[in-house]
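Participant: The chain contents come next:
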Amino acid sequence: MTTKAFMVPNPPLPNRAIEFDEAVCNGCDYCIEVCRNDVLMPNPEKTRPPIVLYPEECWYCGVCVEECPRPGSIAMHHPLRQMLSMRWVRKSTGEEFRLGMRNPPPPSACMPSGEEYKAIMAPGAMSMERRGVVKTYPSAKASVESSDED
Amino acid sequence: MTTWHEYVQRTGTVPEWRYPLRYDVINEVETDVLVLGGGIAGSHAAINAARQGARVALVEKGATKRSGMGGAGVDHWLCACTNPCSQVTPEQFTDAWHNLNAGWNSAIVRYITAREAWDTLLDCERMGVQIRDVNDEFKGAPFRDESTKLLFAYDYQNRHNLRVWGHDMKPKLYRELLRLKVDVHDRVQLTSLINADGHPGGRVVGAMGINTRTGEFYVFHARAVVLCTSYPTRNWNFNLEVTGAGDLHEINNSGDGHAAAWRAGAEFVEMERAWPILAGTGYVPYGVGNAHNSWHGTPIVDAQGREVPWYGISGQELRSVDERFVPGAGEPFMLGHGLGAEIPTVSGRTPNLAPDLPARLAKGEFSLPLFADLTRLPESERRAIFSVMVGNEGKTRTPVYKMLTRAGFDPEKDMLQVPMLPIESYNYSCLWMGRIDPHGMRNIAGGGLLVDWDLRTSLEGLYAAGTSVYGYGSHAAAASTGRYAGRRAAQDALQIGQRSTVDPALIEAEKKRVYAPLNQKQRIGWKELNAAISRVMLDYCGETKTEATLRAGLGILKDLSATEGAAVFAANPHELGRAVECQSVIETSELIMESSLVRKSSCPTRFFFVRQDYPEPNPQGERLQPIRQIDGDVMARELPLDYHRQAPFASNYDENYRQHCGLEARGTS
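The listed protein sequences correspond, in order, to chains S and F. Numbering (our numbering) for the first sequence: 72 to 221. Numbering (our numbering) for the second sequence: 799 to 1467.
You may find that some hints are simply not true.
Unchecked claim - Chain F regions said to be covered by chain S (calculated; three or more residues, Cβ under 8 angstroms):
id	region
1	823 to 835
2	921 to 935
3	1080 to 1086
4	1198 to 1208
5	1400 to 1411
No wet-lab data here; the hints were simulated from the structure. Glycine included, each C-beta is placed from N, C-alpha and C at the ideal position.
Input sequences plus hints: build the corresponding full structure.
Facilitator: So, in structure tokens, the structure goes:
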């Protein structure tokens, strides 16, 4: 629980758009340079992740995630009211899933196309998971984090 | 720690603006060709102007490497009529599209695209974009040509639309821009065009702008200008607080280019045409169950697993999956999806879900929710839809493909739910868009700058490409028209001698205008102003309009400009850019209302335009009614729908193209 409170405006809606994993991000700020809307601003404390200043201006294009030189630093979050409508059902069992659910299933082994396909099929290639093509995605974990987490 | 709130909570301080504030700096840039907007059209325009030997400056509000509506990718290249497998000629394609729209669309944009889209794609391939199945992933699939390794989209028989792996299109274009030494100015927002001698209607000789990080002022002097700043999307819709900018229309598309061209005296057409959209209340584009565009052909099933039937172009029920991808016997070629202003009933002339699905749902023949069931498709089709198309389409690679698969969605095992929509919206397979909007939201549907066969606007020195042009269309159309306009602008620029000088008083007046929000008390922010403009448009320029509502709306906008609009404040250069954009939103709203006043007839089905005081179609026959503005006076005229084939132009597409395309100048064809 926080012991100090500040007078701040209500959080903008949608709240965050993207989220950084401080354990991975080294504050290189490249995401700032590829974001079309300047959703992100450089952190006054260099080497820390950018500040998400204007989340409500995010176009949800995912380019910051794709261009990030340290994959895993950035997780994108659709606005909650949109995320909730990304739902699916497993035909064989009838199980229901949604994006951002608690205790999500493991990533699917969906075969990609293009250069990622080539990388997987190359002689001596590592498995999809080890190559980072299919990765554990931080968003699932992040969506159920407790609110007082620093 | 990620958000501003978390930063404040942790440090107990408000972070100071991180870029240097340079409101007092003026940068003067001199170039031959000035390209405004660094999206798909602008990037191709700049590349092709540079190839002509011109010095080129490119001005982009965001980050050229990734901005524009095609900045996050492209999965299908439409209208590639000259690819070696195509069974459709540019003439056939252009006529079909024009006729399907009952003439309400620019054949100039379509024909140029049909002639050059394939060559433009080959350009992209040379820059490193994958356009063929080089890894032989789809050997033997019905949508693959074994010798060229091209993959086709939608119509596997006529083969004029291609599937491509375009997720990195913009980075590749950006690399080419830098290689050609194009002078790229990112984070610079266009605020005004400059007419020769400062007179609206005169030749365009440059532009002014501001940097949205530092606040610096820019004056660009050019011999020719190409406007590639897309169309305005914030007139009726401004719902950042609800879905963010989470639909297809991004907030940078505030209509700065339209507003600047309107003030400079350029002619616009069809700006009164607007259709309902689910902006602000919509769903993640391509991210929920649907059967349209990238997802074309996907089986849709109901809650009991009953599959919704597909119907062919002629209205016959289709029995097999294969029939969704070929015209029936005697049927014409399909146009494709995502071509521009599509009407549900004539959507790309492709097979579609049962058009009477809303009635069948109401009767209980099908029950909600519906699901998109990729598991019912052959493996090659499932992968072509999900891994190639959804994996590469703009705004889907990370936001849909990667997020879904990393969260466990498996297209071989799972069904993706279709959103719960107003029941009438189930008549259109683009189910994330939900065409029927309960809040009356609307958007421009095809209107823009009127251009000739040079892609020149009504103003000398001002060319236009991409979605800023009347009759705009797909990614391929933006790329092809950008390529063409860049070439033509460069040829024009290289013939101009001494550039004209710019009156310093003009620069001072513009600085006073754009910096005004820095000197205001903090009462009205840019968002509140934009939301108010949108309310005026919804109320006075909505589904139905009359002379009285439009005049009242114009009056309210004028009042708003002089009062709250003049008092809008900005705390930093970013907010300053957004505040100045609101002026563009006001001016483009005026342009839309003025256009709506000029059209004294109604055309609800094709044109989405109803005047309650003129409920009938034009008794003289349908006409285009372009308008322009000189010093506050609005001037309208009439043009036939096929103005592109009337004098002073030649009567057939090919001759017009050959006379104007500018390829002979370099001895190429």
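Participant: Taking the numbered hints from earlier one at a time, note which ones the structure violates and give those numbers from smallest to largest.
Facilitator: 1 and 5
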